[in-house]
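Number of protein chains: 2
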Amino acid sequence: MKTVKTFSELRVARSKLAEPVGLVPTMGYLHEGHLSLARRARQECTSLIATIFINPTQFGPGEDLSTYPRDIPRDLELLEKEGVDLVWIPNAIDMYPLGFQSWVRVSELTQPLEGARRPEHFRGVTTVVTKLFNATMPQKAYFGQKDAQQAAVIRRMVSDLNYHIQIVVCPTVREPDGLAMSSRNTYLDKDERRAAAVLYRALNTAQDAYLKGERDPNILRSLMNAELISEPFARPQYVSCAHPDTLMEHFGRVEDGALLSMAVYIGGTRLIDNILLEE
Amino acid sequence: MKTVKTFSELRVARSKLAEPVGLVPTMGYLHEGHLSLARRARQECTSLIATIFINPTQFGPGEDLSTYPRDIPRDLELLEKEGVDLVWIPNAIDMYPLGFQSWVRVSELTQPLEGARRPEHFRGVTTVVTKLFNATMPQKAYFGQKDAQQAAVIRRMVSDLNYHIQIVVCPTVREPDGLAMSSRNTYLDKDERRAAAVLYRALNTAQDAYLKGERDPNILRSLMNAELISEPFARPQYVSCAHPDTLMEHFGRVEDGALLSMAVYIGGTRLIDNILLEE
Chain A
1 MKTVKTFSEL
11 RVARSKLAEP
21 VGLVPTMGYL
31 HEGHLSLARR
41 ARQECTSLIA
51 TIFINPTQFG
61 PGEDLSTYPR
71 DIPRDLELLE
81 KEGVDLVWIP
91 NAIDMYPLGF
101 QSWVRVSELT
111 QPLEGARRPE
121 HFRGVTTVVT
131 KLFNATMPQK
141 AYFGQKDAQQ
151 AAVIRRMVSD
161 LNYHIQIVVC
171 PTVREPDGLA
181 MSSRNTYLDK
191 DERRAAAVLY
201 RALNTAQDAY
211 LKGERDPNIL
221 RSLMNAELIS
231 EPFARPQYVS
241 CAHPDTLMEH
251 FGRVEDGALL
261 SMAVYIGGTR
271 LIDNILLEE
Chain B
1 MKTVKTFSEL
11 RVARSKLAEP
21 VGLVPTMGYL
31 HEGHLSLARR
41 ARQECTSLIA
51 TIFINPTQFG
61 PGEDLSTYPR
71 DIPRDLELLE
81 KEGVDLVWIP
91 NAIDMYPLGF
101 QSWVRVSELT
111 QPLEGARRPE
121 HFRGVTTVVT
131 KLFNATMPQK
141 AYFGQKDAQQ
151 AAVIRRMVSD
161 LNYHIQIVVC
171 PTVREPDGLA
181 MSSRNTYLDK
191 DERRAAAVLY
201 RALNTAQDAY
211 LKGERDPNIL
221 RSLMNAELIS
231 EPFARPQYVS
241 CAHPDTLMEH
251 FGRVEDGALL
261 SMAVYIGGTR
271 LIDNILLEE
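One line per chain: the protein sequences are A and B, in this order. Numbering-wise, our numbering puts 1 at position 1 of the first sequence, and it's gapless, one number per residue. Numbering-wise, our numbering puts 244 at position 244 of the second sequence, and it's gapless, one number per residue.
Bound conformation, chain A alone (with noise of 0.2 Å):
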C-alpha cells in the first residue's frame, strides 16, 4: 500500500494503477462502516483508493472541525488489511489555496434535513468530492447510507454533471445495541452512549408500525418522536419520513422504500441514522 500526500505524487501514483479503480472517500478515524466500503470496493475493482481528509468546508461555524478525531496511523494500518492499493492524505492548504473560489452546489436536494440545520454543508461535501473525483479518477466510489442525504446529493451531482462514476451506497453498520458506527460515537461518555441507542429503537419502533400496516407519515414521526423524548439523554433536532430520491417530506400515504431519517442531539453530541422502510 502507497500513502502519498501532494497531487503530483498521486497523480503518479494513480497512473499505475489498473483499472476499473474503486474510491472509498473517508474523514479517517475509520470504523467498520468505512471498512465495509473498502471490502465491497475490494471484491468491485481493480484497484483501491482510500482518501482521508477532514475537509474543512463541510464544517459550520461552532461545528467540531477542531475537535474531529484523528488517528492516522492506525487509518493507516486498517486500511492496508484491506487491501486498499494507494492511500491519498492532502493537506488542507494544498486542497483550498489562497484564492480558492470554485464551488459545487447542488440546489434543491441540499434544502432539507441536513442541509437546512446545517448551512453550507452540503456546499463543502459536494465541493470536495468533485475534487477527490477529478483527482483520482475512480470507476466506482463508495459511500454509506448513513449518510442518506449525501448520498442522494451525490448521486444527483454524478448525474447532472455527466461524471463516468458509479456510486455504491452500502448499508450502514452497526454496534451490538444498533448504534449507527460514525466517528463522533468517541464523543459520548458512557451515559450517552448507552442513550444512543434509542435513534435506532426510534426508527424501529416507526418500521414496525409500518409492518403491522400504519401508512400515514405523520404517525410514523410521531411514534419515532416519542420514543426519542422517552430517553432523558436525547433532544431530537428532526424527525424526517421522506422520499429517498428527492427527499421531499411525504403527506399523504407512505409506501415501500421511504426514507426515516432524524438528527438527534444525545448530550452535546449530534447523531443522525436513517432506516429505509420495507414490508
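Keep in mind the hints are simulated off the structure, nothing from the lab. Keep in mind it's a predicted model, so treat the numbers as computed, not measured. It is possible that some hints are incorrect.
[Said to hold, decoys possible] Lysine-lysine pairs mimicking BS3-like chemistry, simulated, CA-CA at most 27 Å apart:
1. Lys140(A) / Lys16(B)
2. Lys5(A) / Lys140(B)
3. Lys5(A) / Lys140(A)
4. Lys140(B) / Lys140(A)
5. Lys16(A) / Lys81(A)
6. Lys140(A) / Lys5(B)
[As the list claims (entries may be wrong)] Some, not all, of what chain B presents toward chain A, calculated at C-beta under 10 Å:
7. Met95
8. Met137
9. Asn162
10. Ile165
[Stated by the list, open to error] Covered stretches of chain A (chain B as the covering partner; in silico rule of three or more C-beta atoms under 8 Å from a C-beta of chain B):
11. 101-113
12. 119-131
13. 160-167
Just so it is clear, CB atoms sit at the ideal spot from N, CA and C, and this is done for glycine as well.
Chain B: place on chain A using the hints.
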C-alpha cells in the same frame, strides 16, 4: 469523423479514441477563431473532439439565445477538414433534464467585467464546461483569448477542482480590419460592420500610448473610450485595464501583460474584445 448526440453514443466513441485527447468546445456557427483552436489541438493531441452546443444556461433573459446563429451542416464540413475525430452535438434536454440542479460557480473572478453585466453567465459557462470535461475526459482543452475572462475563470476552476486537464488559450483571430471573429458579427448590418472595427482601433490606441511610455491606467482607459465614442454607431458598456489573472482593475502603474478589454454595443449588437499589453 464520427458525429454523436447522446451520452451513451459519446461514451462508446470516446472509449475508442487514443490519448491524449484534445477538446474544442464550441457553440457552433464556426469561424476561423474556432478553426484555429482545432488546428492547434490537431498538432498537440492524438485525438480530437469538438462539441457544438448552444448552452442555454449561459444566456440571460433578453439575450440572444433564440436568435444565436446556427449552421450544423457547414460546421461539420469545417470540422472534418480540420481532422476532428469526434463531434458531440448534445440536446439541451439531455444536458439539462427535469430536476437538474447541480451548478459550478467561480465566485470572485466572475464578478467584474462580463460578470457584472451578464449575471449567471459564467455560472452557465463553468457548469457546462464541467459537464463537457466530465463527459469527454480530455487531456487538453482549447479556448480563445477573445473571451479573456472566460479563459481566466476556466483556468481557475480547473486548478481549484483538481482537473488534470491542460487549458490552452489561443490568440484572437481577426478580420482584415481588425474586428475579432465572432459568430455574433453576423448580426451587424453593413454600416455597423464598418463601425465595429472601432473596438480594435481603440485597443491599439491604448497599446500605442503604452509603447510610447504611458503607464497610467486611467489615461489608457480614457484613450480607448475617446476612440470608441468617436464612432457614432458605438456605445461602450465598459472599458477596462486590469490584471490578466485576478481581473482587478489597475489603479497604479500598468505593467506588461495587463488586460485591456471592453464591451461595446454596435447598434443592437454587443461585442467584446481585448488585448494583453506588451512592450
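Consistency of the hints with the structure:
no.	hint	in the structure
1	Lys140(A) / Lys16(B)	holds, 21 Å
2	Lys5(A) / Lys140(B)	holds, 25 Å
3	Lys5(A) / Lys140(A)	holds, 22 Å
4	Lys140(B) / Lys140(A)	holds, 24 Å
5	Lys16(A) / Lys81(A)	holds, 21 Å
6	Lys140(A) / Lys5(B)	holds, 25 Å
7	Met95	holds, 8 Å
8	Met137	holds, 7 Å
9	Asn162	holds, 4 Å
10	Ile165	holds, 9 Å
11	101-113	holds (count 9)
12	119-131	holds (count 4)
13	160-167	holds (count 5)
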